[in-house]
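Residue numbers (our numbering), protein chains in the order written: chain A, 1 to 584; chain B, 1 to 336; chain C, 1 to 321.
Treat the hints as calculated values from the structure; they're not laboratory data.
Possibly wrong hints are sitting among the right ones.
Each computed EDC-like pair below joins lysine to aspartate or glutamate, with the alpha-carbon atoms no more than 16 angstroms apart [claimed, not checked]: (1) A:71 <-> B:85; (2) A:459 <-> C:266; (3) A:229 <-> B:85; (4) A:71 <-> B:298.
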Amino acid sequence: MHTGTKRLAGLVALAAVGLIGVAACGTGGGTTGNNNKPTSSPGYAACGTSPDTCNSGPRKDGGDIVVALGKFPSTWNTGSSEGNVVETVEQENLILPGTYIFQPSGKIQWNADLLTAEPQVTSTSPQTVVYHLNPNAKWNNGSPINADDFIYLWQTFNGHDKNIPVVGTTGYDSISQVTASDNGETVTTVYSKTYSDWRGLFTGLLPAWYAKQKVGDLTTDANLEAAFKVWDAPPTDYTGGPYKLSNFQAQQSATFVPNPAWYGKDKPTLKTITFKYITDQTQDIPALQNQEIQALDIQPDQDTVQQLSQMAGVNYEVSAGFAWELLMVNSTSKFLKDPALREAVFDAINAQDMIDKTVKPFFPNAKRLYSHNLFPGEVGYTDVTKTVAPDEGTGNVDKAKSVLQGAGYTFDSGGNLIAPNGGGKVTINFLHTDTQVRDQSGQLVQSYLKAIGITVNDKVTADLGGTLGNFDFDIIQFGFAGSPLLSGNHDVWFTGAGNNFTHWGDPQSDALLDQMTGELDLAKQADLLNQQDAILTKAYVCLPLYQKPNMVVSTNQFINIRDNNAGSYFTYNTQQWGLNASAS
Amino acid sequence: MLVFTIRRLFQAIPILIVASIASFALATISGDPVQNKFLLRNPPPSAQVIATTRHNMRLDRPWLTQYWDWLSGLITRGDWGPSIDGIVIGSAVGHALIVTLRLIFSAILLALVLSLASGIVSAYRQYSKVDYSFTFVGFVFLAMPTFWIAALLKQGAIQFNNAWQSSFCPGDPTCRPIQTVGEQSIVPPSGFFGVAEDWFTHLLLPTLSLALITYAAWSRFVRASLLEVLNSDYVRLARAKGLTPRRVMFKHALRTSLIPMTTVTSLTIAGLFGGAIITERVFQWRGMGTLIINAINDKDRYVIMGWLVVVGFIVIVGNIIADILYAVLDPRIRYE
Amino acid sequence: MSETTSRPSAADAAAASTGMGPVSVMPPSEKTEREFTVKERSQLSMVMTRFLRHRLAISSLAFLVLLILVVYIAPHVFKLSYTEITNNASLSPRLRFPMGTDELGHNYLALVLRGAHQSLNVSFIVAIMSSAFGAPYGAIAAFYGGKIDAIMMRIVDVILVLPFLVVTGALSEHYSGTWYTVALLLGVTGWVINARVTRGVVLSVREQEFVEAARALGASDVRIIFRHLLPNVTGTLIVQATLDIAAAILAEAGLSFLGLGIHSPDTSLGVLAQQSQNAIQTRPWLFYFPCAMILVICLSINFIGDGLRDALDPRQTRQRR
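Starting from the given sequences, assemble the full structure and let the hints guide the process.
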C-alpha cells in the first residue's frame with residue numbers, strides 16, 4: 001500500500017514539474033508576438049533573396065536525420081487517385097527520377113543528373129519534345145533509366161485504359177506517341193494537341209523493369225492494369241534516386257539509406273533519412289524539443305514560430321509559397337450578383353489590415369498579392385489588380401459608400417445598407433474553414449463590412465469542397481495552390497470550369513485563357529494571363545490577399561535543407577543534405 | 001452457463017446487424033468520400049477517374065445493395081470492402097487492434113493497481129488525511145480534460161529528459177529516456193531487453209495519461225464498494241469474532257467488494273478497444289482511435305464499418321463476460 | 001431473456017451501483033446524529049440536513065452558483081465584449097485584462113466567460129435530455145418487463161454499440177458545430193446510461209409492497225410509473241444528472257479537441273483550449289484559463305454529486321468499528 005502511495009506521489013510530482021516549467025515560461029513571457037517578430041534564423045537568412053541556394057554549405061560525412069511528415073502513406077502509388085498525397089510525393093522524391101525539378105524560386109530546372117541536355121521542343125506543329133538521357137543514369141538493379149520507363153509511364157497515364165485508376169491523364173493524353181532511339185537513350189514525344197505544361201510531364205519516372213518483373217511484359221492492358229497495383233506496396237526494391245527505402249513501418253516511419261548505384265553529381269553523405277509521421281501538428285514542437293525529430297515542413301503559426309525562435313540550435317524559415325489566400329465571391333448570390341455591391345465590398349475590406357493582424361505576427365514579410373494568376377518573381381508578373389482597381393482591399397469606406405449610393409443603395413436609420421428596388425437589408429454569408437487565421441479573418445471582415453452597413457454572418461465549413469462545389473457561400477476565404485506551370489489557371493476562371501467557384505465568366509476572358517493554354521512560350525503565356533486578369537479584376541469576384549506562408553525547420557547540425565513550395569517540395573535536393581561541417 | 005453464453009452470443013447478432021445498418025446510414029449521410037477527396041484537386045481529375053473511383057467505392061449501386069454487398073461480402077468472402085484511401089481494411093483493423101491492445105494493457109494494469117491500492121487505503125482509513133488526499137487527487141483527474149493531462153506529461157517528460165539525460169545514458173547526446181511520439185523507435189534496437197526498453201520509453205507517457213483518467217473513476221468505485229461491504233453484517237460479525245482488521249479486509253471484505261469491480265473493468269476495457277482516441281492522437285499511436293477518426297474525416301465508410309464490426313463485437317463480448325463473471329463470483333446470481 | 005425479466009442483468013446492476021452506489025467522501029458533522037426524534041421529519045428535510053452537513057459539497061454548490069451568475073450575468077453588467085477587436089494583442093494577464101488578450105486583442109476574460117456559458121448550456125441540455133428521456137424509458141422497461149423490456153433494452157444495446165463518434169461525424173457535417181447541435185448529439189447518445197441506471201433501480205423497487213398496494217388499489221400503470229416508481233428513483237437520477245453535467249463538459253472538450261465538436265465562430269471552453277494548444281509555452285494564459293475553468297466546474301459538480309449521494313443514502317457514513 002505504501003508503494004502505491006509513493007508511486008502516485010511520484011506521478012503527481014511529474015505532472016507538477018511540467019506545470020511549473022510552463023508557468024515559468026509564462027511569467028517570463030513578456031515578449032510576445034507584437035514586439036518580437038523573428039523572420040528566420042541565421043541559417044535561412046538568405047532565403048528571401050536567394051531561395052535556391054540559401055542554407056547551403058560544406059558537409060561532412062555521416063549523420064542520421066529524422067524528418068516529421070504530417071501524413072502517412074496508405075499506398076505509395078502517387079499516380080493513383082488514392083495515393084496522390086503531397087507527403088508521399090515528398091518521400092518518393094528520394095527514389096524516383098524526373099526530367100524537371102522545380103526550384104524553390106519557381107525556376108523550372110532540367111535534371112542534369114538524368115539528362116545530358118535541356119529537352120528541346122523540336123517542332124511546334126505537331127508539338128514534339130526530345131529528351132536525351134544520361135547513359136550513366138541507372139536504376140539500382142543496373143538497368144538504364146531509358147525510353148522504356150517513359151513509354152510505360154505514358155501508357156499508364158494516357159487514359160486509353162479506363163480501368164487504370166490514375167489520378168489524372170492531363171498532358172499524357174495529348175501525347176500521340178513516345179518513341180525510343182539511340183538504344184533507348186533518346187526519347188521523342190509527339191503531341192496530338194499542343195500542351196504548354198509539357199515540362200510537368202515525366203517528372204516522376206517509374207521503373208518499367210520492376211513492373212515487368214512483377215507482371216510480365218507491359219504490352220497488354222491487363223498487364224498494365226496489374227502493373228499499376230505494383231506501386232501500392234512500399235518501394236523497398238527499386239530506386240533511381242539518391243536514396244533507397246530500407247525500412248518502412250506502416251503509419252509510423254520510413255527510413256531511407258543512400259543508394260549505392262546513385263549516378264548523380266552530388267553524392268548523399270547522410271547515413272539515413274527517416275520520415276516520421278506525426279499527424280497532429282501540435283505534437284511537432286514537443287518532439288523537436290525532445291530531439292525526436294530534426295527537421296519538419298509545417299504550416300507556420302504565431303506560437304510555433306515563437307517557440308522555434310526561443311529554441312537554441314534550430315533554424316527555420318517562414319517563406320511565401322506558391323499558394324495564395326483569397327476571398328472569392330459567388331457572383332450569383334442574392335446580393336452579390338450586383339457588381340457595384342461587389343466593388344463596394346472589396347473597397348471596404350482592408351486587406352493590409354487583415355494581413356497585419358492575422359499573418360504578420362509570424363510572417364513579417366507578408367505582402368499583398370496583386371495578381372490572380374502569377375506570383376512575384378515569376379516571369380511576367382505585374383501588379384495587375386493594383387493598377388486596374390487601386391481601391392480594392394484598401395478599406396476605403398468613403399469610396400465604397402459612393403459606389404453604393406451611385407448604384408441606388410440607401411442606409412436605414414440603424415445604418416444598415418438597403419439594396420435598391422426593395423431588395424431589403426444586405427446580409428452576407430462569409431464562409432471559411434476552421435483555422436486560426438481564417439477564424440480571425442471572419443471577425444475582421446465582419447468589422448470592415450459593418451462600416452458600410454452590411455451584416456456578415458461568419459460561418460465555418462468543415463467540408464470546403466462541398467461548400468465550394470455547391471456554391472453554398474456569398475464570400476469564402478480559402479487558398480489555391482499555384483504552380484510555375486500556368487495552364488492550371490484556365491480551369492479556375494473559364495466559364496463553368498470545374499475549379500471556377502465564382503460562377504462568373506466572360507467571353508473575352510475565356511478566349512484569352514484558351515489562347516494561353518495553346519501557347520508554348522512561358523513569357524507569352526504570362527502576358528495573356530495578365531490581359532485576362534485585368535478583365536477578371538474589374539468583375540470583382542476574387543480578392544487576392546497574400547501568398548500563403550510556408551515553413552521549413554531544421555536543426556543547425558544539418559545543412560542544405562531548404563523550403564520548396566514551387567512543386568518539387570523540400571525534399572527536392574536530398575542528395576545535398578548533410579551534416580553541417582562547420583557545426584560542432 | 002454455456003447455454004446462457006451461447007444464447008447471449010446469438011442475441012448479439014441482431015444487435016450488431018441493426019447497429020451496422022444504422023452506422024452505414026450515418027456514414028452515408030456524412031458525405032460522399034469521392035467528392036470529399038477530389039473536389040479540390042487542382043487540376044481536377046477527369047470525369048472518368050471520378051466515375052471509376054465511384055464504381056470502385058460501390059457508390060454507383062443503390063444504397064441497400066451497397067449495404068447488402070458489404071454484409072454478404074464480409075460473411076461469405078471475408079471481404080471488408082474498398083477504402084477511398086487504399087487501406088486494406090481487414091489487416092488495418094487487425095493492426096490497429098494490436099496497437100490499441102498494447103496501449104491499453106499496461107494502462108489498465110497500472111490503473112487497476114493504483115485504484116485498488118488507493119481504494120483500499122481510502123476505505124480502510126476512511127476520513128483520514130490519506131483518504132482525503134486520494135479522493136481529491138481522484139476528483140482532480142476526473143475533472144481534467146485528457147489533452148491537458150497529456151500536455152502536462154509531455155512537458156514534464158521533456159524537462160525530465162533535459163535534466164536526467166546524462167545520468168541515464170552518459171555519452172549519448174541523442175538518447176532520450178522518455179519519448180513523446182510514436183509506438184517504437186524508427187530502427188528498433190535488437191535483443192529482448194533492447195526491445196523491451198524501447199517499448200517502455202514509448203509506452204510510459206500514454207500509459208500514464210490513460211491510467212490516470214481510468215484510475216480516477218475506478219478508485220472511487222473501489223472505495224465505495226469496499227465501504228459498502230465493510231459496513232455489512234457479515235463483516236461486522238467477522239470483526240466481532242475478533243479477527244484482525246487486516247484479515248477482515250483481505251480475507252473477507254476485499255473479495256466480495258471486487259465483484260462489482262470486475263463488471264466495471266470488463267466494460268471499461270471493452271470500451272477502450274474502440275480506441276483511446278485523444279491519447280492516441282497526442283502520442284501519435286495508430287490504434288483503433290486513429291483509424292476511426294481518419295475514416296470519419298475521409299468519409300471512408302467501409303473502414304468505419306470494419307471498425308464498428310470489431311468494436312461492436314468486443315463490446316458485446318465484454319458485456320457477456322461481465323455478466324458471466326458476475327455470476328461466477330457472486331453465488332446469489334444464477335443464470336438458468 | 002428470462003434473466004433480464006426477473007432481475008437486473010449484471011451490467012445493469014453495475015451501472016446502477018455506479019450511479020447510486022453510496023460513495024461518501026467527506027466526513028459528516030461531528031455532532032452525534034440523533035437516531036430517535038420526536039418530530040417526524042420528511043425525507044426531503046432529512047436529505048437537506050445531511051447535505052448541508054457536507055461542507056465541501058455546500059461550498060462547491062455556493063461556488064458553482066456564483067460562477068453561473070458570473071458567467072451568465074457579468075458580461076452584461078460589466079459590458080465585456082467578446083467581439084471587440086483592440087490593438088492590445090497577446091497581452092499577458094494584468095489588471096485591465098485579468099485573463100490577458102488573444103492575437104486580435106480580444107479581452108480573453110470575455111471569451112472564457114462566453115466559452116463557459118456555452119459549455120454550461122451544453123451540459124445542462126444534455127443532463128435534462130438524458131434524464132427526461134432516459135429515466136421514463138428505463139422505468140417503463142423495468143416496470144413491464146418481459147418482451148417489452150427485452151426489446152427496449154436491445155435498442156439501448158444498439159445505441160451503446162453504435163460508435164458515438166460516427167454519429168457525431170455524420171451529423172456535424174450537416175449541422176455546423178453550434179453549441180446546441182453538439183448538446184443534442186451528446187443528449188441523443190447519452191440518455192442510454194440514465195435509462196440503464198433507472199431500470200436497475202426500478203427493478204428492485206417494483207417488487208416492493210407499496211407498488212403491490214398501489215396496484216391493488218387500482219392505480220393505472222402510468223400512475224404507478226410516474227407517481228410511485230420514478231419518485232423513488234429521484235435521488236439516483238439527481239446524482240446521475242450531476243455526473244452527466246460533468247461528463248458532458250468533458251465530452252464537449254474532447255470532441256472540440258478532435259475537431260468534431262463546436263466550431264468557430266461559436267465557442268466553448270473546449271474550443272478555446274483546442275485553439276490555444278500551440279500556445280502552452282508561448283502564451284500559456286490562452287490554454288490554462290479555459291482548462292482551469294473546465295477543471296473547477298467539473299470538480300465542483302462532482303463534489304456536489306458526491307454530497308448528494310451521501311445525503312440520499314447515508315448508510316456508509318455511520319462507521320462503527
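Q.
For a C-alpha distance cap of 16 angstroms, please report whether residue 71 (chain A) and residue 298 (chain B) respect it.
A. 13 angstroms, holds
Q | 16 angstroms limit on alpha-carbon distance, applied to hinted pair residue 71 (chain A) and residue 85 (chain B) | A | With a Cα-Cα distance of about 12 angstroms, the restraint between residue 71 (chain A) and residue 85 (chain B) holds, given a limit of 16 angstroms.
Q) Are the Cα positions of residue 229 (chain A) and residue 85 (chain B) separated by 16 angstroms at most? A) 14 angstroms, holds
(Q) Tell me if the straight-line CA distance from residue 459 (chain A) to residue 266 (chain C) falls inside 16 angstroms. (A) 9 angstroms, holds
Violated hints: none; the structure is consistent with every hint.
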